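**Student:** These protein sequence lines map, in sequence, to chains A and B.
Per UniProt numbering, the first sequence starts with residue 1, numbered consecutively.
Per UniProt numbering, the second sequence starts with residue 1, numbered consecutively.
Treat the hints with caution; some may be incorrect.
Chain copies aren't distinguished; within one or between two, either way the pair holds.
To be verified - Derived DSSO-like pairs: lysine-lysine, alpha-carbon spacing no greater than 27 Å straight-line:
1. Lys437 x Lys220
2. Lys437 x Lys400
3. Lys447 x Lys68
4. Lys68 x Lys437
5. Lys447 x Lys74
6. Lys447 x Lys22
7. Lys437 x Lys402
8. Lys74 x Lys402
9. Lys22 x Lys68
10. Lys367 x Lys400
11. Lys447 x Lys437
12. Lys367 x Lys437
13. Lys22 x Lys74
14. Lys324 x Lys274
Derived by calculation from the structure, the hints in this document are not laboratory data.
Just so we're clear, the structure is a prediction, and the values are computed from it rather than from any experiment.
2 protein chains.
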Amino acid sequence: MVQATALPRNEVGIETVLGILKQRFGDRLQTGQSIREQHGHTTTWIVNQSPDAVVFPESTAEVSEIVKACAAHKVPVIPFGTGTSLEGHVNAPAGGISVDLSQMNQILTVNSEDLDCVIQPGVTREQLNTHLRDQGLFFPIDPGANASLGGMASTRASGTNAVRYGTMKDNVLALEVVMPDGEVIRTAQRAKKSSAGYDLTRLMIGSEGTLGLITEVTLKLQGIPEAISSARCSFPTVDAACRAVMMTIQFGIPVARIEMLDVQSVQAANAYSKLSLPETPLLLLEFHGSEAGVVEQAETFGSIAEDFGGVDFEATTSTEERNKLWQARHDMYWASLQLRPGASGISTDVCVPISRLAECVTAAQDKVAELGLMGPTVGHVGDGNFHTLLLIDMENHDEKAKADEFVGWLNDMAISMDGTCTGEHGIGQGKRPYLIKELGAATTYMKAIKAALDPDNIMNPGKIL
Amino acid sequence: MVQATALPRNEVGIETVLGILKQRFGDRLQTGQSIREQHGHTTTWIVNQSPDAVVFPESTAEVSEIVKACAAHKVPVIPFGTGTSLEGHVNAPAGGISVDLSQMNQILTVNSEDLDCVIQPGVTREQLNTHLRDQGLFFPIDPGANASLGGMASTRASGTNAVRYGTMKDNVLALEVVMPDGEVIRTAQRAKKSSAGYDLTRLMIGSEGTLGLITEVTLKLQGIPEAISSARCSFPTVDAACRAVMMTIQFGIPVARIEMLDVQSVQAANAYSKLSLPETPLLLLEFHGSEAGVVEQAETFGSIAEDFGGVDFEATTSTEERNKLWQARHDMYWASLQLRPGASGISTDVCVPISRLAECVTAAQDKVAELGLMGPTVGHVGDGNFHTLLLIDMENHDEKAKADEFVGWLNDMAISMDGTCTGEHGIGQGKRPYLIKELGAATTYMKAIKAALDPDNIMNPGKIL
Numbered sequence: 001m002v003q004a005t006a007l008p009r010n011e012v013g014i015e016t017v018l019g020i021l022k023q024r025f026g027d028r029l030q031t032g033q034s035i036r037e038q039h040g041h042t043t044t045w046i047v048n049q050s051p052d053a054v055v056f057p058e059s060t061a062e063v064s065e066i067v068k069a070c071a072a073h074k075v076p077v078i079p080f081g082t083g084t085s086l087e088g089h090v091n092a093p094a095g096g097i098s099v100d101l102s103q104m105n106q107i108l109t110v111n112s113e114d115l116d117c118v119i120q121p122g123v124t125r126e127q128l129n130t131h132l133r134d135q136g137l138f139f140p141i142d143p144g145a146n147a148s149l150g151g152m153a154s155t156r157a158s159g160t161n162a163v164r165y166g167t168m169k170d171n172v173l174a175l176e177v178v179m180p181d182g183e184v185i186r187t188a189q190r191a192k193k194s195s196a197g198y199d200l201t202r203l204m205i206g207s208e209g210t211l212g213l214i215t216e217v218t219l220k221l222q223g224i225p226e227a228i229s230s231a232r233c234s235f236p237t238v239d240a241a242c243r244a245v246m247m248t249i250q251f252g253i254p255v256a257r258i259e260m261l262d263v264q265s266v267q268a269a270n271a272y273s274k275l276s277l278p279e280t281p282l283l284l285l286e287f288h289g290s291e292a293g294v295v296e297q298a299e300t301f302g303s304i305a306e307d308f309g310g311v312d313f314e315a316t317t318s319t320e321e322r323n324k325l326w327q328a329r330h331d332m333y334w335a336s337l338q339l340r341p342g343a344s345g346i347s348t349d350v351c352v353p354i355s356r357l358a359e360c361v362t363a364a365q366d367k368v369a370e371l372g373l374m375g376p377t378v379g380h381v382g383d384g385n386f387h388t389l390l391l392i393d394m395e396n397h398d399e400k401a402k403a404d405e406f407v408g409w410l411n412d413m414a415i416s417m418d419g420t421c422t423g424e425h426g427i428g429q430g431k432r433p434y435l436i437k438e439l440g441a442a443t444t445y446m447k448a449i450k451a452a453l454d455p456d457n458i459m460n461p462g463k464i465l
Numbered sequence: 001m002v003q004a005t006a007l008p009r010n011e012v013g014i015e016t017v018l019g020i021l022k023q024r025f026g027d028r029l030q031t032g033q034s035i036r037e038q039h040g041h042t043t044t045w046i047v048n049q050s051p052d053a054v055v056f057p058e059s060t061a062e063v064s065e066i067v068k069a070c071a072a073h074k075v076p077v078i079p080f081g082t083g084t085s086l087e088g089h090v091n092a093p094a095g096g097i098s099v100d101l102s103q104m105n106q107i108l109t110v111n112s113e114d115l116d117c118v119i120q121p122g123v124t125r126e127q128l129n130t131h132l133r134d135q136g137l138f139f140p141i142d143p144g145a146n147a148s149l150g151g152m153a154s155t156r157a158s159g160t161n162a163v164r165y166g167t168m169k170d171n172v173l174a175l176e177v178v179m180p181d182g183e184v185i186r187t188a189q190r191a192k193k194s195s196a197g198y199d200l201t202r203l204m205i206g207s208e209g210t211l212g213l214i215t216e217v218t219l220k221l222q223g224i225p226e227a228i229s230s231a232r233c234s235f236p237t238v239d240a241a242c243r244a245v246m247m248t249i250q251f252g253i254p255v256a257r258i259e260m261l262d263v264q265s266v267q268a269a270n271a272y273s274k275l276s277l278p279e280t281p282l283l284l285l286e287f288h289g290s291e292a293g294v295v296e297q298a299e300t301f302g303s304i305a306e307d308f309g310g311v312d313f314e315a316t317t318s319t320e321e322r323n324k325l326w327q328a329r330h331d332m333y334w335a336s337l338q339l340r341p342g343a344s345g346i347s348t349d350v351c352v353p354i355s356r357l358a359e360c361v362t363a364a365q366d367k368v369a370e371l372g373l374m375g376p377t378v379g380h381v382g383d384g385n386f387h388t389l390l391l392i393d394m395e396n397h398d399e400k401a402k403a404d405e406f407v408g409w410l411n412d413m414a415i416s417m418d419g420t421c422t423g424e425h426g427i428g429q430g431k432r433p434y435l436i437k438e439l440g441a442a443t444t445y446m447k448a449i450k451a452a453l454d455p456d457n458i459m460n461p462g463k464i465l
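So here's chain A without its partners, still in its complex pose:
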């Protein structure tokens, strides 16, 4: 396990706040060891740092009360959505109160005429899309997990549809936020665009709960396209697949999704999701548009793919086949873990300018081989973002050292290519050293903003900065 540094605890403050919250929230404040551990980090090799208690508010006013109590006694507040983050975002290195937002899971308003909706932060992406389906609408952002939308906003999440629809930063119109002093603000109105003052919406998105706690999200929605078709195509090498992607993007085909699986990932998907995909590097695509439009897009892609040695090109508009393929893609994290039972997963998350994609993926695979590691790779390749998932025996110190070496080497390489160490997972605890390598002096001003808004550093301390 990666030992995240523990921070000094304010024992007196924590005791006081526990007393206040116990009296106010009764059974909605939980302090059992098991529930506290569930609310620390559980998904990757970062060590679990449990909060002192978990509280389950049911309204913005209750969140404000909690934050005010914590602010008065300088006690950490750690927002919790579904706990699916990969970089230790929900850990409590200085103890404090985990604010579990799962009870704030109401879809408040769907403004179908305006293609937007207002939701509470605990609503999950699947819950929202199930609710929207009958109205012919959907919300496109889809990280692998069925995460909460508040958490997705906090980490600037994206997923397979980002190549066409953007990330959370592009799909949130406004936020309600409980600030570190407990005050409640709205960051924007519901207009589709605005030049009114500093963009606090975007400042909060990706701030990982360190500047405030999101209690309401106004999201842009999309109409379900008239036609959706999926396609898959196999390639002789990862390099060939990446080059086909680069050409597709440069050609301006408005693909909705374009995902790559390397050979090991295809094998994992076949085993886990009971598929029989050809075991070579694979691209999965989706096209959204009119009936004629999706046919045109698929044909144009098909001829690009051919130029790069693509074979077994198959397109389908069958909903069942499509769903099976994309469910398999969303299950890749779990499928890949099965390639080496008992191993722990360490997911990398670099994102580079697309002209460097083939070079970066190929170099990563060579490095994994050189180190003798196992690292199936999948990617949101249309955005230049890919995940090599190292499968590591945590009892083996040599392997762990090599994994550390790989992660550092890959992040450094992506940064040297004018890319980022994190395309969508966030900084959390795990990537803090790389943020400084990536953005240098800019982090000084991030710290100044943090200090101005949260002078006592109570909001999710030990993350990002």
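We have chain A already, so just place chain B on it with the hints.
**Tutor:** What follows is chain B alone, placed relative to chain A:
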């Protein structure tokens, strides 16, 4: 003229900095009255507040030197692009140094494979698009004026293409910024997406030079579509035209542009641009896509328009006809001013959720009539954004009072409809009271950020907050 409040001047500091900069920059520091006035506000009825000097840096290092000198002596720094802003952004209410970035007008790199480019802030949008044309690329954001891209980033500008391509916030990948202490930062790398830390890129976009001075911009580019077609369609009423727009957006037609002109605006365009458009409310559209795609889009729009009484629907792919129509649209501000020679223009800029658009535009027109004013109206209606341009005789106190009444009334109405007082022009000096009405408590935290990054309030003081 609207009398913007003058702020206290730091005479000693200003004298000292003028001496330092004169020695360092020689003739590139100008203090003549005429050039100083040209670098204050000149476009609308807000009173001109000239800076004490104008300096013309040629590099980021020089900008950093200037800002460091001003920071050391607590002297205001006012960034200047092309001076086309409408809300007093370039005024110097406390005096200080106007930093004219017109000499920093180099296109540094075009990464055509990555669909991005890196430019200096003084590059104008027309200059960039002329440069890109041969490579089959374009930059879509197009405010009416041929503004500088640094200025467009600073005000979060948009224009006619925003309905499809978004605003400056959606089309900037990264910025280089000279911070208020003179340090130079980069806000992001060139990857298409990132979850690395606070989104300083978006914080700077729309901050109107109050948090730092943009010295380099990395922009997303678009491939010139395979096919472009334009269309126009006349409607019996503004309400009918707006309702056709609402249906078009809700139907998910990916229009690239959808602009409305009311009767007076059509008359103005006919006179100024020598056109012969039917003198009824008009929609101008543009479709981008494949040859088949643009035909399909135009047909779908055509049948929606018919349902709302649209007539004289004409589509064209002729470049010449298209350019003539869109040039007329871009010249609307000047054309409208000619409707009443000698009058001053006061452009409103509200933006509302699209479901409220017809109601808001109609109410605005009724109010203009009720007050006995003249206010031709055009709009980026696909985004719910429109401009009623009041044409006012500035010698007539009664008219001026009515204009003030209208502006306040319209901003209040838009805010009450969950909209904004500014879709794209920014707050500047003119809209400061409305920012507080619109975002309330959020402005407290904007002030905290401003104070943290610019404790001596030297960066464009008296704007936004």
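**Student:** If the cutoff is 27 Å on CA atoms, where do Lys22 and Lys68 land: within, between, both or neither? Let me know, please.
**Tutor:** Within one copy, since 15 Å is at most 27 Å while 52 Å is not.
**Student:** I want to check one pair: Lys367 and Lys437. Are their C-alpha atoms no more than 27 Å apart within a copy, between two copies, both, or neither?
**Tutor:** within (21 Å within a copy, 56 Å between copies)
**Student:** Classify it for me, Lys74 with Lys402: is the Cα-Cα distance of at most 27 Å met within a copy, between copies, both or neither?
**Tutor:** neither (39 Å within a copy, 52 Å between copies)
**Student:** With identical chains treated as interchangeable, where does the CA-CA distance between Lys447 and Lys74 reach 27 Å or less: within a copy, between copies, both, or neither?
**Tutor:** both (18 Å within a copy, 23 Å between copies)
**Student:** Since the copies are identical, ignore which copy is meant and state whether Lys447 and Lys68 lie within 27 Å (CA to CA) inside a copy, between copies, both or neither.
**Tutor:** both (22 Å within a copy, 21 Å between copies)
**Student:** Should Lys447 paired with Lys22 be assigned to within, between, both, or neither, using CA atoms and 27 Å as the limit?
**Tutor:** neither (33 Å within a copy, 35 Å between copies)
**Student:** When no copy is specified for Lys22 and Lys74, does a C-alpha distance of 27 Å or less occur within a copy, between copies, both, or neither?
**Tutor:** Within one copy only: 17 Å inside, 51 Å across.
**Student:** Under a CA distance limit of 27 Å, which applies to Lys324 and Lys274: within one copy, between copies, both, or neither?
**Tutor:** This pair counts as within: shortest intra-copy Cα distance 10 Å, inter-copy 59 Å.
**Student:** At 27 Å max between alpha carbons, let me know whether Lys68 reaches Lys437 within a copy, between copies, both or neither.
**Tutor:** Between copies, since 25 Å is at most 27 Å while 35 Å is not.
**Student:** Is it within a copy, between copies, both, or neither that the alpha carbon of Lys367 lies no farther than 27 Å from that of Lys400?
**Tutor:** within (15 Å within a copy, 71 Å between copies)
**Student:** State whether the alpha carbon distance between Lys447 and Lys437 is at most 27 Å within one copy, between copies, both, or neither.
**Tutor:** Within one copy only: 15 Å inside a chain, 29 Å across chains, cut-off 27 Å.
**Student:** At most 27 Å between C-alpha atoms: does Lys437 with Lys220 qualify within a copy, between copies, both, or neither?
**Tutor:** Close across copies (24 Å), not inside one copy (34 Å); limit 27 Å.
Hint check: violations occur at hints 6, 8; the rest are consistent with the structure.
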